[in-house]
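S.K.: Sequence:
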Amino acid sequence: MQAFFNNIVELFEAICRSTGMQYSELNILVYCLLLPAFWCALVWIRSRKLGWLLLLLLGLTAIYLVEKQHLLPFSLHFYRQNILALERLGASTGLGYVGISLVMGVGIPLLFSLALLFLQKKLLPACYLCYLAINLGYYCRVFALAI
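This note's numbering runs 62 ahead of the 1-based position in the sequence shown.
Please keep in mind that the hints were generated in silico from the structure rather than gathered at the bench.
Just so you know, even glycine gets a beta-carbon here, dropped at the ideal spot from N, CA and C.
Heads up, some of the hints might be wrong.
Listed next, with one range per pair, are the computed distances between beta-carbon atoms [unchecked claim]:
hint	residue 1	residue 2	range
1	Leu96	Ala195	34 to 42 Å
2	Ile107	Met63	16 to 24 Å
3	Leu146	Phe74	14 to 22 Å
4	Leu146	Ala76	24 to 32 Å
5	Val92	Arg150	18 to 26 Å
6	Gln182	Thr81	36 to 44 Å
7	Phe100	Leu138	32 to 40 Å
8	Gln131	Leu173	30 to 38 Å
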């Protein structure tokens, strides 16, 4: 488990080196914008619904990339708070930081991606919006811990 986690960290660090992004920026970009946009694209491809939301997510991604220098203090703060939340959650579940990070950062996104590939088309928009709300709730809770 630790080796797999280390490989993911090394991949993120390699991307950071090649793009000039900070690790915290890349983490936020991937988990808060690109993964939700990917899932929305799956919903749109399969059901032709939520195209407006896909455009919004891609637009937010572009804005984040253009304005990332102005957002760096927020990105660092948000990333640190997410780490603290994962450490607490890892301690309370017995999985530890690495285990809970793999569950939250790899396992759940993979399972949700598979669900979007195999669910009935009519269920896709509601399922996606529900997961987006849960994800938003998690990040609001993370940010609330920061205050």
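S.K.: Next, verify each hint and record whether it holds.
M.R.: Hint by hint, here is what the structure shows:
1. Leu96 - Ala195: 34 to 42 Å: 19 Å, violated
2. Ile107 - Met63: 16 to 24 Å: With a Cβ separation near 33 Å, Ile107 and Met63 fall outside 16 to 24 Å, so the hint is violated.
3. Leu146 - Phe74: 14 to 22 Å: Check passed, 19 Å falls within 14 to 22 Å.
4. Leu146 - Ala76: 24 to 32 Å: At 26 Å between Cβs, range holds.
5. Val92 - Arg150: 18 to 26 Å: Holds - the Cβ-Cβ distance for Val92 and Arg150, about 22 Å, lies within 18 to 26 Å.
6. Gln182 - Thr81: 36 to 44 Å: 38 Å, holds
7. Phe100 - Leu138: 32 to 40 Å: 25 Å Cβ-Cβ, so the 32 to 40 Å window is violated.
8. Gln131 - Leu173: 30 to 38 Å: 35 Å, holds
Checked against the numbered hints given earlier, the structure breaks hints 1, 2, 7 and satisfies all the rest.
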